[in-house]
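Q: Residue-level listing of the chains:
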Amino acid sequence: MRTRRLDNYGKINRNIILSFRWDKKNYKGFEGDTLASALLANNIGIVGRSFKYHRPRGIFSSGVEESGALVTIGSKDRKDPNVRATTQELYNGLEASGQNAFPNVNFDLAGINNYLGRFFAAGFYYKTFMGIPPFEWGRGTAIWMFFEKFIRKAAGMGSASELPDPDTYEHAHDFCDLIVVGSGPAGVAAAIEAAEKKLDVILVEQDSLVGGDQLAENNFDNSQIKNQLENLGIKIMTRTTAFGLYDNCVVGLLERVTDHISAPNVNIPRQRFWTIRAKHIIVGAGAIERHIAFNNNDIPGVMTVNASKHYLNRYGVLTGKRIAIATNNDSVYETAQQLSEAGANVTVLDSRTNFEIETNKSFEIRKGYVPYNINGSKKIHSLDVSKSEDMNKSETINCDQVLLSGGWSPAVHLLSHRGVKPKWDYNNACFLPSDTKENITMVGSSRGLWNKNDCIASGIAGTTDALNRLGISKTNYFFPKPGGWKNPIQPLYEVKYKKSRSKSFVDYQHDVTTDDVRLAHREGFNSVEHLKRYTTLGMANDQGKMGNIIGLSLMAELLNKEIPEVGTTVFRPPYTPVSIGALSGRNVGKHFRPLRVTPMHQWNIDHGAKMIEVGLYQRPWYYPKENETLSDSYIREASTVRKTVGICDITSLGKIAIQGPDSTEFLNRIYSNGFSKLQVGKARYGIMLRDDGIVMDDGTSWRLAENEYFMTTSTGEAAKVMSWLEELLQTRWTDLNVNVTSVSEQWAGVSVAGPKSREVLNNCVDDSLVITNNNLPFMGVTSTFLKGNIPCRIARISFSGELAFEVYVKSDFANTMMDLLWENTKKYDGCLYGLEALGALRVEKGHVTAAELDGRVTIDDAGLSKMASTKKSYIGSAMRKRGVLKNNDREILVGFFPTNLKETFNAGTIVCEKNNIKGQGIGRITSVTYSPELGHWIGLGFVKGGLDKWKDTNLVGADPVRNKQMNLKVVSPHMIDPKGERMYA
Amino acid sequence: MIRINCPYCGERDHSEFSYGGDATINYPSLDASEKEWTEAIFFRKNIKGFQFETWHHSNGCRMWLVVERSTVTHEIKSVKPCHPDLQKVVENNK
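Line order of the protein sequences matches chains A and B. Residue 1 is where the first sequence starts when you use this note's numbering, and the numbers rise one by one after that. Residue 1001 is where the second sequence starts when you use this note's numbering, and the numbers rise one by one after that.
Note that these hints are calculated values from the structure, not bench results. Even glycine gets a Cβ: it sits at the ideal position worked out from N, Cα and C. Some clues are possibly wrong.
In silico PhoX-like pairs for lysine-lysine, Cα to Cα no more than 25 Å straight-line [stated by the list, open to error]:
hint	chain 1	residue 1	chain 2	residue 2
1	A	Lys881	B	Lys1035
2	A	Lys871	A	Lys677
3	A	Lys871	B	Lys1035
4	A	Lys279	A	Lys474
To spell it out: a stretch of chain A is covered by chain B in this simulated footprint if at least three of its residues, at any positions, have a beta carbon under 8 Å from a beta carbon of chain B; those stretches are [said to hold, decoys possible]:
hint	region
5	730-743
6	876-884
Excised from the complex, chain A in its bound form (with noise of 0.2 Å):
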């Protein structure tokens, strides 16, 4: 028995017997108990393997550093990989199991690795898998493509789940004065004190408790403090860690709801991310204890001093028996004591030769000794150690367990979060928080103070820092010194032993060791951040919370510099990790993003229609009768709109009033064509252009009376066009008297098309003279009603070439009109088409969309020319005649077919000219269709000097992607009806 439980130590609920499952074998703890206290207690000491070499890896901490005991909780789609077992807390029925081992952790065929060292050492894919000496076979990047696979397949540590995460998370938003982050001392001094001064304070704390590193005090009671802040009124947040500190004191938070449950209620959910906005922030994080490196210092049965007070005090666990503490500080005597008075055997070595230090002397104090190599390999058998000044004076001591101390880190993480540079304190050897002008105020241990009333001190100097920077007080204050030990600490990160081959680790959970830092350094990777990178220190998901201040001063006296030359790395949120759950939270699947419909939504698909989603919106794809295919139905629908006549809903275009006596003039800037002469009752297509030229959107705008228009625009750009006149209205032309609104929701729409539309819309109109071809023209408008006295807007537009119009009613109406035009739409064995016959209808008639208009392309590449005005100056005319945009060689708009009749392409297909089939080519198809009037497959897209270049030439559409390819013919974009006779009909 290495470890025991001891019957008279520990705040654990012995009453309480929880059952879990280590690696398929069943074990008892305590509620109370985290999964490394309950396997302590149970004797494991193995409980991982390590990421490179496969050595075994037991406990080495007591928190959020932990870098050895990563292990993988629960299974199937609640399996989650990488978890603390040291901030796990116990569950009846948790089930776990140790990572990156096969079999397993106590035996693992990997552990070979460990022998093939010199093969594994810093960068060693980048060197080895670029090609393989002598000759450097397969050098480039084909091997380093074939040696990648395997490479990923034996990186990282535990795996995650590939099923659906069956969890819910949330996204909550809260407020406050002061957010405490930490509640150690002076956490809850600075608390206590804010909300005594009124403020509202919200403190938050990552255990399950609050107390901090007083949890591990034997004779602390929390639910004192407990109290004594909530009736203060301080909202606290345990289980709850702040992983990150933003812009304008905003903090994030990640709170474990149910993580600690073993059944859950289901309408809970597992995480929450909280963005809380505080007005000011209060640091108190503490301070984490560093480990120090000489060779073996991995064994399980290794841990930091201070956890195995925390063990012992907290979880009533006895870490070991025989313990040999190595020190350079006098942190570790109270703790020394406790261990010994627990029964432990102890000796402390500490490096330091001359201090004093009170003790009961119940244990033996060796001056002026360091460890130098641990002897065992599951577990410890003993512990080498030598006179620190002279490394040949060597003994050996026999030890279960060797706890470290090399020291303490402020965590000034969160304040790196924000930019904030920590400065080298050579007195206490650690860095320190630096000042910062934003309102963040660090306290306590992670302002580097050592001793509990000095903490207690800085908490209520914090707060009164905050109340002056919140212009509430002006009072004088004042924060303890730095450190607070008796003895200085004397700085000792490695003890070098050179004789032998064995690993001395600086970085626990990346196997990165001494070696590998002296390594970087021959290889001239001397800065922080390359030695962060070629080796990976610091850059395992416990960030070098341990170990990065051990490779920092490795590197500071291979370079003949101070740690504060060398510098540290930037730490980034998250402090720990955050799953990816939490970040997504509620939206994800269905509520991923807004779900757009039109009001006749459920009217289509109730008359059969197959959805589509476009941008946000739900659009009628196709209406398949019977046993229709996509094809099928496309194609009877666009052949019975030139035949007969058919309706389709276009509501979801952007539609915007545009009301004032400034609205023509407004117009005519913003369109590309002059709109100055447009009478009322008429509308008009209408291209705008972007400042630097290129083309912005289409649609059309219509003159419902002298100072009003109605615009439509294409649906994908609908929000971007409004925000557009609104800019144009609001920081430019700001004396032109327009008013904008969208009324995109307002109105559903309708186009009926064909050569029966005219006759359907009789039947449905009260006045049927309002749409004779005298009365509404081509492009003509009109404001009347449907038979019902509903009121609507008709205008005689065509999109699929054939004579057709747009109607639109206010949308509480769309149903109705939907019903009345379908009844008579029938009579005339018109159909109901969706967005795939209107695709084929407009790319037969060589209209463009979105897929032609994509933001690259001028009006003359659009074969558009015409509806640039030379009478008028607007919104991208000088810049549409800069020389780039005028090259001979632009691609321009032209049709396409397949040489062969019978054969099809895809858009995407790129275009080339005969025997030089390569790279971009000369163009590219961007829209196709079968084509039931022409009987076979059309394309629009874009060639390089356009129709009249290629005319008669045989061209090659490549498609490599779909390893395809044929030949082409370069024709006319207008493909039937050039003279638009059908439109003026």
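Using the hints, position chain B against chain A.
A: Chain B in isolation, oriented as in the chain A frame:
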């Protein structure tokens, strides 16, 4: 996270707003030369410190705003409507 004090809606998260661009550009008249337009739309100063920029309260009141923001700290010194008439209304209501 940037928070912008919209003169109409009050202080809101930046996620309600869309970034516009440099608020100090004087766009030339529509019949100005290609050269003047090129200057106006392609050339920008890369300011370290406070700059005036436009933001659109696109998920709010739809007002275009001039925001004086530090590109280093995100500190915001002032927010006002772009449109001078709206500026006057805001001033009068103070």
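Q: Next pair to validate is Lys871 of chain A with Lys1035 of chain B; report whether the Cα-Cα distance is within 25 Å.
A: With Cα atoms ~21 Å apart, Lys871 of chain A and Lys1035 of chain B stay inside 25 Å; holds.
Q: Mind checking the alpha carbons of Lys871 of chain A and Lys677 of chain A for me, to see if they're no more than 25 Å apart?
A: holds (12 Å)
Q: Checking C-beta pairs, does the region 730-743 of chain A have three or more residues closer than 8 Å to chain B?
A: It holds, with 4 qualifying residues against the three required.
Q: Sort out whether Lys1035 of chain B lies within 25 Å of Lys881 of chain A, counting only the CA atoms.
A: holds (11 Å)
Q: Take the region 876-884 of chain A, compare each residue's beta carbon with every beta carbon of chain B, and decide whether three or more fall closer than 8 Å.
A: holds (count 5)
Q: Is Lys279 of chain A close enough to Lys474 of chain A, meaning Cα to Cα at most 25 Å?
A: Roughly 17 Å between the alpha carbons, so the hint for Lys279 of chain A and Lys474 of chain A holds.
Consistency with the previously given hints is maintained throughout, with no hint failing.
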